[in-house]
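Each chain, written out:
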Amino acid sequence: MNAAVTDTAPTRIALVGAPNCGKSTLFNGLTGGRAKVANYPGATVETRHGRFTTPAGRNVDLIDLPGFYGMSPRSLDERLALDTVLGKLDTAPELILALVDAATLRTHLQSVLQLRAIGAPMIVVLNMFDLATRDGLEIDIHRLEKELGLPVVTANATRKAGREALLAKLDAALGQKEFAMPPSGHFPAPEDVREHQVEARRIASAAITYEPPFNRATRAIDRVVLHPIAGPFILAALLFTMFQMVYTWSAGPVDMLDAGAGALGDFIAAHLPPGWLHDLLVDGVIAGVGSVIVFLPQIIILFTFILILEASGYMARAAFLMDEIMHRFGLNGRAFIPLLSSFACAIPGIMASRVIENDRDRLTTILIAPLMTCSARLPVYALIIGAFIPAEKVGLFNLQGLVLFALYITGIISAVLIAFIFKRTIAKARSQPLIMELPTYKLPNAKDFFISLWIRASAFLKRAGTVILTTSVILWFLAAYPASATSLKESYAGRLGSLLEPLLAPIGFNLEIAIALVPGMAAREVAVGALGTVYAVHGATENSSGLAETLQSAWSLPTALAFLAWYVFAPQCFATLATIRRETGSWKWAGFALGYLFALAYAAAGLTFWTSRAAGL
Amino acid sequence: MQLTDMKKGAVGRVTAISGADPLIEAKLREIGFAEDDPVELAHLGPLARTPICVRLNRTLIALRAEEACAIEVELDQ
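So the sequences go chain by chain: A and B.
The first sequence begins at 7 in the numbering used here and counts up one residue at a time.
The second sequence begins at 37 in the numbering used here and counts up one residue at a time.
Simulated from the structure, these hints should not be mistaken for laboratory data.
The beta-carbon is built from N, C-alpha and C at its ideal position, and this holds for glycine as well.
A couple of the hints might just be wrong.
The calculated label-pair distances, taken between Cβ atoms and stated as ranges, are [said to hold, decoys possible]:
| no. | chain 1 | residue 1 | chain 2 | residue 2 | range |
| --- | --- | --- | --- | --- | --- |
| 1 | B | Arg49 | A | Lys468 | 45 to 55 Å |
| 2 | A | Ala15 | B | Asp72 | 42 to 52 Å |
| 3 | B | Gln113 | A | Arg430 | 43 to 53 Å |
| 4 | B | Arg49 | A | Leu408 | 52 to 62 Å |
| 5 | A | Leu467 | B | Glu110 | 55 to 65 Å |
With a straight-line Cα cutoff of 30 Å, these simulated DSBU-like cross-link-like pairs (lysine-lysine) come out [to be verified]:
| no. | chain 1 | residue 1 | chain 2 | residue 2 |
| --- | --- | --- | --- | --- |
| 6 | A | Lys594 | A | Lys468 |
| 7 | A | Lys448 | A | Lys166 |
| 8 | A | Lys468 | A | Lys453 |
| 9 | A | Lys594 | A | Lys429 |
| 10 | A | Lys448 | B | Lys43 |
| 11 | B | Lys44 | A | Lys453 |
Construct the entire structure; sequences and hints are all you get.
Take a look at the structure:
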């Protein structure tokens, strides 16, 4: 160990490569998965940073960048990767690790030549070398090194031994002075792309001594999965199973968390003298944050499915199968993944829209993501359906289940129609290309999976601990004060609700609903607890039969149906609006989303109320 | 002939990559289309003959007919 080296500032190294080349696996392997997400001011993007120490004792700040195929960037993700490499966002990295999936060296060598042309100091890493050689691929590494004039190292990102050669090369490279030069480059002209391609093919042909045919397992699976008839059925079956699992598997853990939150509230109630602190903790913090944390199991199950489908290579196939139908409605096949995530929560969905290449396509996707029925609406739907829709059979189906399904479908159909309108009005643009690689099928890596799942789950918990905690406390205050108030109606929340009531009366909402909608702005599911408080039902939770009975006598059926219709559209979650602002870079689009969703919610609730009244319900 | 005119399962060779948009051409090249490389029309989308999925060397690429028509191919005999 060289103490003099360890004292210096960490060396910045960027990890670049095409999507699916095992970049994240190498990042997780080198850094142990301990990553910090960095936000650049002004840019609505994030990169992952991780630290590790080389065998010679050098501290490294490793930057994981979104995948890109070359230097003609299209998507926000790709632009971010290139800007980081070129040092436009921060100090340029001192060294680039250019990752290439060894199995597809012939295709992806050209991006290495493009990077070489901008003068970036780099090491070429032939990743997943073990898999490629097992397939029968033979590469002459020395020849490749000589032709490229760059250090080349083979790696197997999943195993520690597979990273040792890379670490050794890293120390050797960092020991040379000329590697501490920032790249001073520019994007290659499109004509240069052709030149790099010819050169890349020549080098690949010289260095690859034997190339086996295309992966047979992938070919066999795709024959079924991409079959024009079987393919869409398999996709539908997978999605159906996913939603079933989200609701059936999560039931137990959700009840446990619910009971846990209740027990914690009881414990505090028993050990803290009555007073404002007691009320704040029990009614504000535990009731508010607890009602959101109970969704953690659903979020985890949904992301388990999404992450496995993504890591296995299936997601790109889903986008392929869905592209044409989505294209006809003005969307892009790649919008499929963000919209699917939005069924758990619109926030990760909106963030996942970064993979969409075109700004206008991306904007449309962001604006319709809140229409996908997120898991926070479920407690509201469950309460109202349980109270007002009889559990009778309609043919083979349960009427309650049919209503729930209808609410989901209404959201989806509205989203499609609205996308269709937006693409012809506010997000008008020429049709954008879809050019994407369908990766060979792989077994997902367990470590990568758990790290990704943890990133999602902790982001959700962080939201519960910040936005929802804050709003819960504020709303508790509004509902509990002024101290002179003898009922909720006299409290600040009640007064706000009274102000709203005249606006909501035409769509069949009463004062109690108006009051419950105020806290519902923080998070949709909070409205359930708020209704419980308004109707003074002690200990009302989403499954409380007491609250359901109270509502049955207090609301007419048209009011209940109007309330459901309202919730299909209402933009009732500030965190989603804040995410839209962050991802679009302006309050303009967040405000637009707020406005159009409220208008739709109001119209839908009104229409439902008056038609069901006219129908004599 | 154009890539979009190939039959499913047909194998050919790329003879030219052109098209009005130089950025699309760059994109096609960067993802792996190259003159003289073999190309196989592996799959067609379920709704229409778009998007299509082609095999290039050891990769599978999906693209819409609009972009695919920039690629000229010659069928293997």
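Exercise. Check each numbered hint from earlier against the structure, then list the numbers of those it violates in ascending order.
Key: 11
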